[in-house]
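Asks: Residue numbers for the sequence shown follow my numbering, beginning at 25 and rising by one.
Because the hints were derived from the structure by calculation, they are not lab data. Please note that the accuracy of each hint is not assured.
Derived CB-CB ranges, DEER-like [to be verified]:
hint: 1; residue 1: 229; residue 2: 369; range: 48 to 56 Å
hint: 2; residue 1: 53; residue 2: 294; range: 27 to 35 Å
hint: 3; residue 1: 40; residue 2: 149; range: 29 to 37 Å
hint: 4; residue 1: 291; residue 2: 96; range: 33 to 41 Å
hint: 5; residue 1: 255; residue 2: 145; range: 48 to 56 Å
hint: 6; residue 1: 222; residue 2: 195; range: 32 to 40 Å
hint: 7; residue 1: 217; residue 2: 195; range: 25 to 33 Å
hint: 8; residue 1: 196; residue 2: 98; range: 37 to 45 Å
hint: 9; residue 1: 244; residue 2: 179; range: 46 to 54 Å
hint: 10; residue 1: 183; residue 2: 53; range: 47 to 55 Å
hint: 11; residue 1: 222; residue 2: 53; range: 35 to 43 Å
hint: 12; residue 1: 59; residue 2: 195; range: 19 to 27 Å
Ideal Cβ placement from N, Cα and C applies to all residues, glycine included.
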Amino acid sequence: MLISVIGLCGIHRADELYGGSSAFDRQLVWLMLSWPAMLLVTTVSYRPLRHICPWLYVASLASLVFVLFMPAINGSRRWIPLGVFDFQPSEPARLAFILALAHYLMYRESQRTIRGLIPPLIMTVFPLMLILREPDLGTAMLFLPILYAMLYAAGAKVQHLLAAAAIGIMLLPLLWGQMSPEQRSRVVMVFTQTDGGTAPPGDGFHLHQSKQVMALGGIWGSISRDEPVIDDPSAYTLPAARTDFILSLIGERYGIIGCGVLLSLYGVIVFQGLKVAGKSREPFARLVVVGIVAMLATQSLLNASMTVGLMPITGITLPMCSYGGSSLMSTCLSIGLMMNIAMRPGYEVTPTQRFN
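With the hints as constraints, model all of the structure from the sequences given.
Replies: Right, here's the structure in full:
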């Protein structure tokens, strides 16, 4: 909840700098829907969910195929228009993938062999490639860290995972061939970026402005000053400020201290999530929590890293902080599921049937 409140402050700062919009009000509405949904998930045991995990995975793949036939918005086919709001199927697809993979791995030993790693890898490739076709490099990048974390938690051998990683590195040219020209230029920009001076044209403009806006906040942020550091309004220009680069606005408003507090809150969630996984006695529950923790940790690190130029700009949002209804709802449902498992750490005990 604190992360979401900080996100609202960042969206409000965007309204101050770039003019009013409906983003703040819409995000507030989504919060009023997502928080009760998060708590509602905790009221019923998660255990019956195991039986429908494969069907959720299949439904998510179908939605990822369906979205590719939707009209393009800003060059991407990521959303299905539903009238009141636009649904982004890649967001719930991540949770569906975690549930399906946990269902597959929960009582198996095959992942301890090289051959046993092939079915989980195939399960990962399907949603990953479909999301790349949208194109959405940021969301696609989450699937492999989730896969490796869950395989490790399921007992896969480290040497096998390292071998699979080596094979993945060798297949990077194939991934490069599936990326759009825009995505490739963003990867190249990480190695050719320069600080200071005039903002470069093209994709380098976003990264340059992101770092500049954050730097304008200094240590304590603009909230501690009466006058702006720079009188030139163009210095504060930042595309996608309410979504991909919300961390830059938080840094401008609340400084490095504010960014540190925000990232520390994600650290608390990750730490508590690992404690929940450690206490859970059911393999399915433990694997689900590990997958959710890996997803949140990777997404937070990717967004923060791209904001300061350590990773390519991928269009990935900061979970529970950036503007976006589908992302907020799916993340809150994931947190609610983790809370559900934390409330029920033991085995399921059922009455013994007696036959006459």
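Asks: Take the hints in turn and mark each one as holding or not.
Replies: A quick look at each hint next to the structure:
Hint check: residue 229 to residue 369, Cβ distance near 49 Å, so the stated range 48 to 56 Å holds. Remark: the range hint 27 to 35 Å for residue 53 to residue 294 is upheld by a beta-carbon distance near 28 Å. As the Cβ distance of residue 40 to residue 149 is approximately 44 Å, the hint placing it in 29 to 37 Å is violated. Checked against the hint of 33 to 41 Å, the pair residue 291 and residue 96 passes, with Cβ atoms roughly 37 Å apart.
A C-beta distance of roughly 54 Å is found between residue 255 and residue 145, which places it inside the suggested range of 48 to 56 Å. About 39 Å separates the C-beta atoms of residue 222 and residue 195, a value consistent with the hinted range of 32 to 40 Å. Between residue 217 and residue 195 the beta carbons are some 27 Å apart, a value that agrees with the proposed interval 25 to 33 Å. Our hint of 37 to 45 Å for residue 196 and residue 98 is violated, since their Cβ atoms are close to 27 Å apart.
Hint check: residue 244 to residue 179, Cβ distance near 47 Å, so the stated range 46 to 54 Å holds. Residue 183 and residue 53 have their C-beta atoms about 50 Å apart, which keeps the hinted 47 to 55 Å range intact. At about 40 Å, the beta-carbon gap between residue 222 and residue 53 stays in the expected band of 35 to 43 Å. For residue 59 and residue 195, the Cβ-Cβ distance of about 41 Å falls outside the hinted range of 19 to 27 Å, so the restraint is violated.
When held up to the earlier numbered hints, the structure conflicts with 3, 8, 12 and fits the remainder.
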